Amino acid sequence: MTVNDGIDVVRNWILSRHPERARIGPDEDLVRTRLVDSLSFVELVYVIENATGAEIDFDTIDLKDFQSLSAIQRAFFTTA
Amino acid sequence: MTAPGRIGIDMVPFTRVRALLGGGLLAGRMLSADERRLLLDGDEPDVPGIAGRLAAKEAVFKLFHATGETVPWQGIEILRAESGAPWVRLSGRAAALARGAGIGSVSVSITHDEPCAVAVALTAPDSEERSAP
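For the protein sequence lines, the chains are A and B, in the order given.
Using the working numbering, the first residue of the first sequence is number 1, and each one after it goes up by one.
Using the working numbering, the first residue of the second sequence is number 1, and each one after it goes up by one.
Calculated from the structure, these hints are not laboratory results.
Watch out, some of these pointers could steer you wrong.
[Unchecked claim] Which residues of chain B face chain A? A partial, calculated answer using Cβ under 10 Å: (1) 20; (2) 33; (3) 40.
[To be verified] Partial list, derived from the structure: chain A residues whose beta carbon lies under 7 Å from chain B: (4) 36; (5) 38; (6) 46; (7) 47; (8) 56; (9) 59; (10) 61.
[What the hints assert, rightly or not] For each label pair, taking beta carbons as the anchor points, the in silico distance ranges come out as: (11) 8/A - 99/B: 26 to 32 Å; (12) 82/B - 31/A: 25 to 31 Å; (13) 33/A - 111/B: 25 to 31 Å; (14) 46/B - 78/A: 28 to 34 Å; (15) 40/B - 78/A: 22 to 28 Å; (16) 40/B - 22/A: 24 to 30 Å.
Nothing here was measured: the structure is a model prediction, and the numbers come from that model.
Ideal Cβ placement from N, Cα and C applies to all residues, glycine included.
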């Protein structure tokens, strides 16, 4: 899976839960806009884990890494 | 010192629980072993009971006023006293957040009726702190 494929999986998963939305801006705040709430956050982490193949420790999560699609891309889908 | 007069409330639709059950995330990430024994050991998962507990966990989390933190789902356990009343056990990061907020102990009340469950959490004075009933 390429870097772009990974963030596309995340974007498409969020859009699938919000049929009223056609797009999500890269810097749009996912929590503040209620695209992701506390229950769906658990699912979001799971989607990212599946896309990256790496487990995310819930107790050491930095919420800033999940604030927007661009933040998720930087934190989880950027190759060194 | 106990923070005075904090209250938290939350609501969880049964449909959200059914969706989470399909993904297997409830057992793995959101419910403790003791909660799983209460809620998942029957022929069918106790959807209203799960919705009530998830609502109670979020209501308790709101007492901490923990901006920038994720809900420590497994560290906030909503268990059942012999009387049938729910009681709260905090551990790990949840217990640390409670200490940081000056919260000694917590009481919760849960109600559920299709299509959702609602829970309210209240801080309790230290003098009323309860151990496992």
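Tested hints:
no., hint, in the structure
1, 20, "7 Å, holds"
2, 33, "16 Å, violated"
3, 40, "16 Å, violated"
4, 36, "11 Å, violated"
5, 38, "5 Å, holds"
6, 46, "6 Å, holds"
7, 47, "10 Å, violated"
8, 56, "10 Å, violated"
9, 59, "5 Å, holds"
10, 61, "5 Å, holds"
11, 8/A - 99/B: 26 to 32 Å, "42 Å, violated"
12, 82/B - 31/A: 25 to 31 Å, "39 Å, violated"
13, 33/A - 111/B: 25 to 31 Å, "30 Å, holds"
14, 46/B - 78/A: 28 to 34 Å, "42 Å, violated"
15, 40/B - 78/A: 22 to 28 Å, "38 Å, violated"
16, 40/B - 22/A: 24 to 30 Å, "38 Å, violated"
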